[in-house]
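Undergrad: Sequence:
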Amino acid sequence: MRLHATEELKLPQKRAWAEATNFGGFEKLLRDRGAHLERSAEPQPPGLGTRWQGSFEYSGKRREVTAEVTRFEPPHALHLALTSAGLEGDLAVTLTEGKGGRTHLDVGLDLAARTMRARIFLQPLKLAHATLQARFAARLGKLARAMEKRRPRA
Numbered sequence: 042m043r044l045h046a047t048e049e050l051k052l053p054q055k056r057a058w059a060e061a062t063n064f065g066g067f068e069k070l071l072r073d074r075g076a077h078l079e080r081s082a083e084p085q086p087p088g089l090g091t092r093w094q095g096s097f098e099y100s101g102k103r104r105e106v107t108a109e110v111t112r113f114e115p116p117h118a119l120h121l122a123l124t125s126a127g128l129e130g131d132l133a134v135t136l137t138e139g140k141g142g143r144t145h146l147d148v149g150l151d152l153a154a155r156t157m158r159a160r161i162f163l164q165p166l167k168l169a170h171a172t173l174q175a176r177f178a179a180r181l182g183k184l185a186r187a188m189e190k191r192r193p194r195a
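Residue numbers 42 to 195, in the working numbering, belong to the letters of the sequence shown in order.
Rather than coming from a laboratory, the hints here were simulated on the basis of the structure. Relax, there's no trap hidden among the hints.
Using 25 angstroms as the maximum straight-line C-alpha spacing, the simulated BS3-like pairs for lysine-lysine come out as follows:
no.: 1; residue 1: Lys-183; residue 2: Lys-55
no.: 2; residue 1: Lys-183; residue 2: Lys-167
no.: 3; residue 1: Lys-51; residue 2: Lys-190
no.: 4; residue 1: Lys-51; residue 2: Lys-140
no.: 5; residue 1: Lys-69; residue 2: Lys-102
no.: 6; residue 1: Lys-55; residue 2: Lys-140
no.: 7; residue 1: Lys-51; residue 2: Lys-183
no.: 8; residue 1: Lys-69; residue 2: Lys-55
no.: 9; residue 1: Lys-183; residue 2: Lys-140
no.: 10; residue 1: Lys-140; residue 2: Lys-190
no.: 11; residue 1: Lys-183; residue 2: Lys-69
no.: 12; residue 1: Lys-190; residue 2: Lys-55
no.: 13; residue 1: Lys-102; residue 2: Lys-167
no.: 14; residue 1: Lys-51; residue 2: Lys-69
no.: 15; residue 1: Lys-69; residue 2: Lys-190
Per label pair, the in silico range of CB-to-CB distance:
no.: 16; residue 1: Gly-141; residue 2: Asp-73; range: 29 to 37 angstroms
no.: 17; residue 1: Met-42; residue 2: Gly-141; range: 29 to 37 angstroms
no.: 18; residue 1: Lys-102; residue 2: Ser-81; range: 21 to 29 angstroms
no.: 19; residue 1: Glu-189; residue 2: Ala-126; range: 33 to 41 angstroms
no.: 20; residue 1: Gln-164; residue 2: Gly-142; range: 39 to 47 angstroms
no.: 21; residue 1: Met-157; residue 2: Arg-191; range: 42 to 50 angstroms
no.: 22; residue 1: Gly-142; residue 2: Gly-101; range: 41 to 49 angstroms
no.: 23; residue 1: Thr-107; residue 2: Met-157; range: 15 to 23 angstroms
no.: 24; residue 1: Gln-164; residue 2: Gly-65; range: 30 to 38 angstroms
Glycine residues also receive a C-beta, built at the ideal position from the N, C-alpha and C atoms.
The task is simple: from the sequences and hints, build the whole structure.
TA: In structure tokens form, the structure reads like this:
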């Protein structure tokens, strides 16, 4: 299953990259939504090889997930490999410099089932693909507007 969305940021590419790789900010955002998250491998500065272990509640069950940065090419591309109980995923973030100090943000999430249980888990999500796609795009839009409003980090 694939979800994909794009946004135009009113930010220069370097600032957009700094916002997109603000891992601490994303960790806080996920914790505020009820997820438990722990960074388990921390290259300094965070980048290729950074890894998280986490869990969240979905459909009344606790789900465990591992995420690892598998591609880190400033200021253009960031990929996270996701694994969870028979599911594998890839979150790809691409930033392309646009005209007038703007940046094109492209985010894709691919999920694939590796077990029968995971296929059963994914099936209702596939049936609701259009709804999930709309939510994904709306959330990316909200995130993009928040990125534009934040002050640059020192």
